[in-house]
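There are 2 protein chains.
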Amino acid sequence: MASKEEAGKLEWRISVDNGTTERLVPTSGRSKRIFLWLKGFVKKVIVERMTKFMRNTWRIGADDPAKVVHCLKVGLALSLVSIFYYMRPLYDGVGGNAMWAIMTVVVVFESTVGATFSKCVNRVVATIVAGTLGIAVHWVATQSGKAEIFVTACSVFLFAFTATYSRFVPSFKSRFDYGAMIFILTFSLVSVGGYRVDKLFDMAQQRASTIVIGTCICIVITVFLCPIWAGSQLHRLVQHNFLKLADSLDGCVAEYFKMKDMSTNEDEETKMKLQRFKCVLNSKGTEEAMANLARWEPAHGSFNFRHPWQQYVKIGAAMRRCAYCLENLSICMNYETEAPDQVKNHFGEACMKLSSASSKILRELADLIKNTRKSSKMDYLVFDMNSAVQELQEALKTVSIKTNKPEEEEDVKYEEDKVGDRTIPMNLHEVLPVATLVSLLIENAARIQTTVEAVDELANLAEFKQDSKKKIGGNNAT
Amino acid sequence: MASKEEAGKLEWRISVDNGTTERLVPTSGRSKRIFLWLKGFVKKVIVERMTKFMRNTWRIGADDPAKVVHCLKVGLALSLVSIFYYMRPLYDGVGGNAMWAIMTVVVVFESTVGATFSKCVNRVVATIVAGTLGIAVHWVATQSGKAEIFVTACSVFLFAFTATYSRFVPSFKSRFDYGAMIFILTFSLVSVGGYRVDKLFDMAQQRASTIVIGTCICIVITVFLCPIWAGSQLHRLVQHNFLKLADSLDGCVAEYFKMKDMSTNEDEETKMKLQRFKCVLNSKGTEEAMANLARWEPAHGSFNFRHPWQQYVKIGAAMRRCAYCLENLSICMNYETEAPDQVKNHFGEACMKLSSASSKILRELADLIKNTRKSSKMDYLVFDMNSAVQELQEALKTVSIKTNKPEEEEDVKYEEDKVGDRTIPMNLHEVLPVATLVSLLIENAARIQTTVEAVDELANLAEFKQDSKKKIGGNNAT
Numbered sequence: 064m065a066s067k068e069e070a071g072k073l074e075w076r077i078s079v080d081n082g083t084t085e086r087l088v089p090t091s092g093r094s095k096r097i098f099l100w101l102k103g104f105v106k107k108v109i110v111e112r113m114t115k116f117m118r119n120t121w122r123i124g125a126d127d128p129a130k131v132v133h134c135l136k137v138g139l140a141l142s143l144v145s146i147f148y149y150m151r152p153l154y155d156g157v158g159g160n161a162m163w164a165i166m167t168v169v170v171v172f173e174s175t176v177g178a179t180f181s182k183c184v185n186r187v188v189a190t191i192v193a194g195t196l197g198i199a200v201h202w203v204a205t206q207s208g209k210a211e212i213f214v215t216a217c218s219v220f221l222f223a224f225t226a227t228y229s230r231f232v233p234s235f236k237s238r239f240d241y242g243a244m245i246f247i248l249t250f251s252l253v254s255v256g257g258y259r260v261d262k263l264f265d266m267a268q269q270r271a272s273t274i275v276i277g278t279c280i281c282i283v284i285t286v287f288l289c290p291i292w293a294g295s296q297l298h299r300l301v302q303h304n305f306l307k308l309a310d311s312l313d314g315c316v317a318e319y320f321k322m323k324d325m326s327t328n329e330d331e332e333t334k335m336k337l338q339r340f341k342c343v344l345n346s347k348g349t350e351e352a353m354a355n356l357a358r359w360e361p362a363h364g365s366f367n368f369r370h371p372w373q374q375y376v377k378i379g380a381a382m383r384r385c386a387y388c389l390e391n392l393s394i395c396m397n398y399e400t401e402a403p404d405q406v407k408n409h410f411g412e413a414c415m416k417l418s419s420a421s422s423k424i425l426r427e428l429a430d431l432i433k434n435t436r437k438s439s440k441m442d443y444l445v446f447d448m449n450s451a452v453q454e455l456q457e458a459l460k461t462v463s464i465k466t467n468k469p470e471e472e473e474d475v476k477y478e479e480d481k482v483g484d485r486t487i488p489m490n491l492h493e494v495l496p497v498a499t500l501v502s503l504l505i506e507n508a509a510r511i512q513t514t515v516e517a518v519d520e521l522a523n524l525a526e527f528k529q530d531s532k533k534k535i536g537g538n539n540a541t
Numbered sequence: 064m065a066s067k068e069e070a071g072k073l074e075w076r077i078s079v080d081n082g083t084t085e086r087l088v089p090t091s092g093r094s095k096r097i098f099l100w101l102k103g104f105v106k107k108v109i110v111e112r113m114t115k116f117m118r119n120t121w122r123i124g125a126d127d128p129a130k131v132v133h134c135l136k137v138g139l140a141l142s143l144v145s146i147f148y149y150m151r152p153l154y155d156g157v158g159g160n161a162m163w164a165i166m167t168v169v170v171v172f173e174s175t176v177g178a179t180f181s182k183c184v185n186r187v188v189a190t191i192v193a194g195t196l197g198i199a200v201h202w203v204a205t206q207s208g209k210a211e212i213f214v215t216a217c218s219v220f221l222f223a224f225t226a227t228y229s230r231f232v233p234s235f236k237s238r239f240d241y242g243a244m245i246f247i248l249t250f251s252l253v254s255v256g257g258y259r260v261d262k263l264f265d266m267a268q269q270r271a272s273t274i275v276i277g278t279c280i281c282i283v284i285t286v287f288l289c290p291i292w293a294g295s296q297l298h299r300l301v302q303h304n305f306l307k308l309a310d311s312l313d314g315c316v317a318e319y320f321k322m323k324d325m326s327t328n329e330d331e332e333t334k335m336k337l338q339r340f341k342c343v344l345n346s347k348g349t350e351e352a353m354a355n356l357a358r359w360e361p362a363h364g365s366f367n368f369r370h371p372w373q374q375y376v377k378i379g380a381a382m383r384r385c386a387y388c389l390e391n392l393s394i395c396m397n398y399e400t401e402a403p404d405q406v407k408n409h410f411g412e413a414c415m416k417l418s419s420a421s422s423k424i425l426r427e428l429a430d431l432i433k434n435t436r437k438s439s440k441m442d443y444l445v446f447d448m449n450s451a452v453q454e455l456q457e458a459l460k461t462v463s464i465k466t467n468k469p470e471e472e473e474d475v476k477y478e479e480d481k482v483g484d485r486t487i488p489m490n491l492h493e494v495l496p497v498a499t500l501v502s503l504l505i506e507n508a509a510r511i512q513t514t515v516e517a518v519d520e521l522a523n524l525a526e527f528k529q530d531s532k533k534k535i536g537g538n539n540a541t
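Protein chains in written order, with our numbering: chain A, 64 to 541; chain B, 64 to 541.
The set of hints was computed from the structure by calculation and includes no laboratory data. This structure is a prediction, so every number in the text was calculated from the model and none was measured. Keep in mind that a hint or two might mislead.
Since the list gives no way to pick out one identical chain from another, each pair is judged satisfied if it fits inside one copy or across any two copies.
Straight-line alpha carbon distances no greater than 35 Å define the calculated DSBU-like cross-link-like pairs of lysine-lysine that follow [claimed, not checked]:
(1) Lys336 x Lys107
(2) Lys407 x Lys460
(3) Lys460 x Lys416
(4) Lys334 x Lys236
(5) Lys423 x Lys102
(6) Lys107 x Lys437
(7) Lys107 x Lys236
(8) Lys347 x Lys433
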């Protein structure tokens, strides 16, 4: 900093001193400037970028410590395998193939228990099946004399083709994709490698034992050392998505009707809230992947082995339909023509009521998923939402419209309201934003009801416990 | 079939013959029935399910022959490696490590050129870097005497931790995820395995050469034998998505206004059309993955090496926003209360005009992407769409509304229209579906315009050729 200031002073003095001799200033200044520019460049591009990158990298770990834990676990597992490799007695026991143990750990160790289990099972089963098949093919090939090469090459082609093709079948791919790859690998190695290595059975046995050792180390570390369950992550994801939808819904409607008492927070924060639902729009892939992994996991926490994970995918789909409605609520916010205050006031209360009833349901859903309980007040909340929809529809019915050909527009007489407010002549164009908002809110309510049904089904399938503590004084039967 | 009939006859005769001795009938019939049930079970569950599964599996290949081609290529590559392994001269040249060639082919060979390239580069670079580092660490470890085990284990832990952590950094993960895994694998193998194998340099050189051989076979087969380019697939995907949006938009609006002349097709087909846009909703993951792979690909077809693939992701995002609008168009279709014919007629023409102008733009976008050309009539089409929006807004302005308190509803006088049609008293509730439709169509037009801008940017970045043949007679400057 100081050197930069000095350089600045120096340049300044030179340009004052040599103010008359114009040719000297640029040359002397240019080399300085190039130096400064280079310095700035290094500072900006390398130091700043590196700092930014390091900060971002740090934040990834700080935001989700589970990731750091996973990295530590991988390091530990590999160190364990290394130590295992150093111990001569064990080393002699499994032969010189300890490399396979290292490879198994590197390839199989995933961040969630479900993914690790899935890969372990796939690897072990595929290795056994492919190994057996490979030995059989190798035996057939050796029996066939001259045609040995032909038999081996053809069988490799055939099995590689079939296994690769099976990876395109969705139902197979979702569970056994990794297994198919290991199958091709092991089969090729055994059937082709068998040509050279005479001790085929020994090799197979050695490889199997090293793989089992690697697999065991992975499973022990992944399950008993700060386990990260895909199921719990999915469960939490769905719960958080409900809260995000509720926040955005509340935020949107409050923002539109500018209920100052509702949005006293910072402007930036409100905007953030409005955007929170956006991650629900694209959560399909994550949810499906996690549901696929979760079914490999043993019972943990409040989830038993056969927890209906696929139901979460259905809930996710229902939730996404709500998110599509919210996405279009932004239309109403961005209209060029704002609806007249009169119309806003007419619908404001009913809309706010509906949106708060809807978001209450979403929050209740999040809460009952969080605590894996059945809700006793859900019926009441749904009833509440439906009556809010009714109310909004009544409010709609009190607004009359009239279609006129343009040239007769002047003929329409606007009478004064008896209550005293002057009725301002309006056309549908002006109320369109409000009408759209109302329409989307009503549709959103219907979609929330579908979501409630999906969560109900989950509660029944997973046998969530009956809600006891949170009971609303007897009026849940209304 | 014949045996089944016989069994039926047999049962019939028995039940007639022994009609009086009631105890015999059920026992004799029951065993038959169990046999028949078992037969039916086998037929239904095993045969039918297998048939269905086989048919589905067949269809995967029939729908997308590229998948079958990929499977054939994998089989061919593996057979080639096997043959390579059989040839003694070559075998002696690369040492006994030919296993690594097989492994490379199995692991690296992906269906698209981009994915194969990405994995090849990752594998080769990561192997070289990790191998060098591993040798260095091994040398340091051997120099440190007693602390050898400690140094090796610590370095494995440290590098495994760092490489695993780097896989969580999004910008790194999208390109070098596979490389990080190979880095950990190779580093562990070299630094730990080095403890046993004395000929470390030999091993490294052997492994590198086999990997290069495997990589070369993969690259040659993937590029020169019916190549499947990730870039072309992405290009086609975006193009098809435009067509799907256009179809659905046309279908929805025509279905709503029941323009019989437009939808003379089968009911089933129309419904299919309406649903076509749905795959656009969840295409984000596919598009991003393909764009990531496409940038590894060399120039091919009309795409050069630095084709702006990331722009396709932007186009995809803009398209998805249109799809969200279409998703909500279904709201209007499912309303309980249908809008009165009068209102439908009032807006029908303008809505149809806007939707056809919008879908024309979508089709033009699909066409210009297909032919990688700049459109000369796009300005004209956008102008057309905007004037259709204007027209629709004018139509909105001719519909007057009036807010009344419920008790004063009777006071409103509905006058007869001068044209002769009786103006039927309506309230906002009845026109809500149409209002929503109009609102969504207008918003959709705005979103389509954003999409047009994104495609324009692509055309500029990728230097699409100027459109020459498809020119609309001089009125594109309007």
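To see whether the hints hold, each was checked on the structure:
Proximity of Lys336 and Lys107 under a CA criterion of 35 Å is satisfied intra-copy only: 33 Å inside one chain copy versus 53 Å between copies. Within a single copy, Lys407 and Lys460 get their C-alpha atoms as close as 15 Å, and across copies as close as 18 Å, so both meet the 35 Å cut-off. In this assembly of identical chains, the alpha carbons of Lys460 and Lys416 lie at most 35 Å apart whether taken from the same copy (17 Å) or from different copies (29 Å). For the identical chains of this complex, Lys334 and Lys236 are inter-copy neighbours only, at 30 Å across copies versus 40 Å inside a copy, given an alpha-carbon limit of 35 Å.
For a Cα distance limit of 35 Å, the shortest separation of Lys423 from Lys102 qualifies neither inside one copy, at 57 Å, nor across copies, at 54 Å. Taking the shortest alpha-carbon separations for Lys107 and Lys437, neither the intra-copy value of 56 Å nor the inter-copy value of 39 Å comes in at or below 35 Å. With identical chains, the CA atoms of Lys107 and Lys236 are at most 35 Å apart between copies only, with a shortest distance of 25 Å across copies and 47 Å within one. Proximity of Lys347 and Lys433 under a CA criterion of 35 Å is satisfied in both settings, with 20 Å inside one chain copy and 29 Å between copies.
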